[in-house]
Amino acid sequence: AQSVTQPDARVTVSEGASLQLRCKYSYFGTPYLFWYVQYPRQGLQLLLKYYPGDPVVQGVNGFEAEFSKSNSSFHLRKASVHWSDWAVYFCAVSLLMGYKLTFGTGTSLLVDP
Amino acid sequence: DAGVTQTPRHEVAEKGQTIILKCEPVSGHNDLFWYRQTKIQGLELLSYFRSKSLMEDGGAFKDRFKAEMLNSSFSTLKIQPTEPKDSAVYLCASSLKREQYFGPGTRLTVL
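As you go down the protein sequences, you meet chains A and B in turn.
In case it helps, the working numbering puts the first sequence at residues 540 to 652.
In case it helps, the working numbering puts the second sequence at residues 147 to 257.
Simulated from the structure, these hints should not be mistaken for laboratory data.
No experiment lies behind these values; they were computed from the predicted model shown.
Where hints are given, some of them may not hold.
Beta-carbon label-pair distances, calculated as ranges [claimed, not checked]:
(1) 579(A) to 187(B): 16 to 24 Å
(2) 187(B) to 581(A): 31 to 39 Å
(3) 579(A) to 219(B): 22 to 30 Å
(4) 188(B) to 591(A): 44 to 52 Å
(5) 163(B) to 579(A): 48 to 56 Å
(6) 220(B) to 546(A): 33 to 41 Å
(7) 149(B) to 603(A): 20 to 28 Å
(8) 202(B) to 569(A): 33 to 41 Å
(9) 569(A) to 198(B): 39 to 47 Å
(10) 621(A) to 198(B): 38 to 46 Å
(11) 591(A) to 149(B): 25 to 33 Å
(12) 216(B) to 623(A): 24 to 32 Å
(13) 556(A) to 184(B): 27 to 35 Å
List of simulated lysine-lysine pairs, DSS-like, C-alpha gap at most 25 Å [as the list claims (entries may be wrong)]:
(14) 231(B) to 212(B)
(15) 198(B) to 168(B)
(16) 231(B) to 168(B)
(17) 208(B) to 639(A)
(18) 231(B) to 588(A)
(19) 208(B) to 231(B)
(20) 608(A) to 185(B)
(21) 168(B) to 639(A)
(22) 185(B) to 161(B)
(23) 588(A) to 563(A)
(24) 639(A) to 161(B)
(25) 588(A) to 224(B)
(26) 168(B) to 208(B)
(27) 161(B) to 212(B)
(28) 198(B) to 208(B)
(29) 212(B) to 588(A)
(30) 243(B) to 212(B)
(31) 588(A) to 639(A)
(32) 608(A) to 563(A)
(33) 161(B) to 243(B)
(34) 231(B) to 639(A)
(35) 212(B) to 639(A)
(36) 224(B) to 208(B)
(37) 224(B) to 185(B)
(38) 208(B) to 185(B)
(39) 563(A) to 639(A)
(40) 168(B) to 185(B)
All residues carry an ideal CB built from backbone N, CA and C; glycine is no exception.
Based on the sequences and whatever the hints tell you, model everything.
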């Protein structure tokens, strides 16, 4: 069965600094990968998605992620963090388009002013 | 287009009560998912519908949890009877064979 690991429960960065949130997946085959963000007391919002193709995908608000088959990873990056990025970020995998998602445990991003 | 709608946003129940949570998917989406979110277990799938047919339900949730989709624009999740361990955020999501869009969730507290 597929699984997702987000090794960092909490990450703190200074506003304006760059960011990388790590995601490792376990799946035999070609996965569909997603990053979602959850702001306090809200549902999950899609940041970006990977469907097989270009390994670097662009998302909203300056986020991007890079798929690596050799490392089984799908890390999220942002060049310059803003205070409004303070949220919880979830990586997810699906074995089919439109199928159920398997989520990681999430990474809480704290932004120092 | 309106996004996924969930009602109520908050629910407080006494142990043993029956509660019904409601979800309206994005118009035209034919896949609907119910997830439960807790701090300890994270996000877990409860049920998955495709074109109103139940495709999968989370095995651990079968005995007291029942999701239904009576028409393509409305789904319910019934918990009967509720237990304190059911306290969680219940999220509904819909998709059209691609990425899922989530509602704001219902926060359930069982006393």
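Results of checking the hints against the structure:
no.: 1; hint: 579(A) to 187(B): 16 to 24 Å; result: holds (20 Å)
no.: 2; hint: 187(B) to 581(A): 31 to 39 Å; result: violated (20 Å)
no.: 3; hint: 579(A) to 219(B): 22 to 30 Å; result: holds (29 Å)
no.: 4; hint: 188(B) to 591(A): 44 to 52 Å; result: violated (26 Å)
no.: 5; hint: 163(B) to 579(A): 48 to 56 Å; result: violated (27 Å)
no.: 6; hint: 220(B) to 546(A): 33 to 41 Å; result: holds (40 Å)
no.: 7; hint: 149(B) to 603(A): 20 to 28 Å; result: holds (24 Å)
no.: 8; hint: 202(B) to 569(A): 33 to 41 Å; result: violated (21 Å)
no.: 9; hint: 569(A) to 198(B): 39 to 47 Å; result: violated (29 Å)
no.: 10; hint: 621(A) to 198(B): 38 to 46 Å; result: holds (42 Å)
no.: 11; hint: 591(A) to 149(B): 25 to 33 Å; result: holds (27 Å)
no.: 12; hint: 216(B) to 623(A): 24 to 32 Å; result: violated (39 Å)
no.: 13; hint: 556(A) to 184(B): 27 to 35 Å; result: holds (31 Å)
no.: 14; hint: 231(B) to 212(B); result: holds (16 Å)
no.: 15; hint: 198(B) to 168(B); result: holds (15 Å)
no.: 16; hint: 231(B) to 168(B); result: holds (20 Å)
no.: 17; hint: 208(B) to 639(A); result: holds (17 Å)
no.: 18; hint: 231(B) to 588(A); result: violated (33 Å)
no.: 19; hint: 208(B) to 231(B); result: holds (15 Å)
no.: 20; hint: 608(A) to 185(B); result: violated (30 Å)
no.: 21; hint: 168(B) to 639(A); result: holds (19 Å)
no.: 22; hint: 185(B) to 161(B); result: holds (20 Å)
no.: 23; hint: 588(A) to 563(A); result: holds (15 Å)
no.: 24; hint: 639(A) to 161(B); result: violated (30 Å)
no.: 25; hint: 588(A) to 224(B); result: violated (32 Å)
no.: 26; hint: 168(B) to 208(B); result: holds (18 Å)
no.: 27; hint: 161(B) to 212(B); result: holds (17 Å)
no.: 28; hint: 198(B) to 208(B); result: holds (18 Å)
no.: 29; hint: 212(B) to 588(A); result: violated (30 Å)
no.: 30; hint: 243(B) to 212(B); result: holds (23 Å)
no.: 31; hint: 588(A) to 639(A); result: holds (14 Å)
no.: 32; hint: 608(A) to 563(A); result: holds (10 Å)
no.: 33; hint: 161(B) to 243(B); result: violated (38 Å)
no.: 34; hint: 231(B) to 639(A); result: holds (24 Å)
no.: 35; hint: 212(B) to 639(A); result: holds (18 Å)
no.: 36; hint: 224(B) to 208(B); result: holds (11 Å)
no.: 37; hint: 224(B) to 185(B); result: holds (22 Å)
no.: 38; hint: 208(B) to 185(B); result: holds (21 Å)
no.: 39; hint: 563(A) to 639(A); result: holds (18 Å)
no.: 40; hint: 168(B) to 185(B); result: holds (22 Å)
In this structure, the earlier hints numbered 2, 4, 5, 8, 9, 12, 18, 20, 24, 25, 29 and 33 are contradicted, and the remaining ones agree with it.
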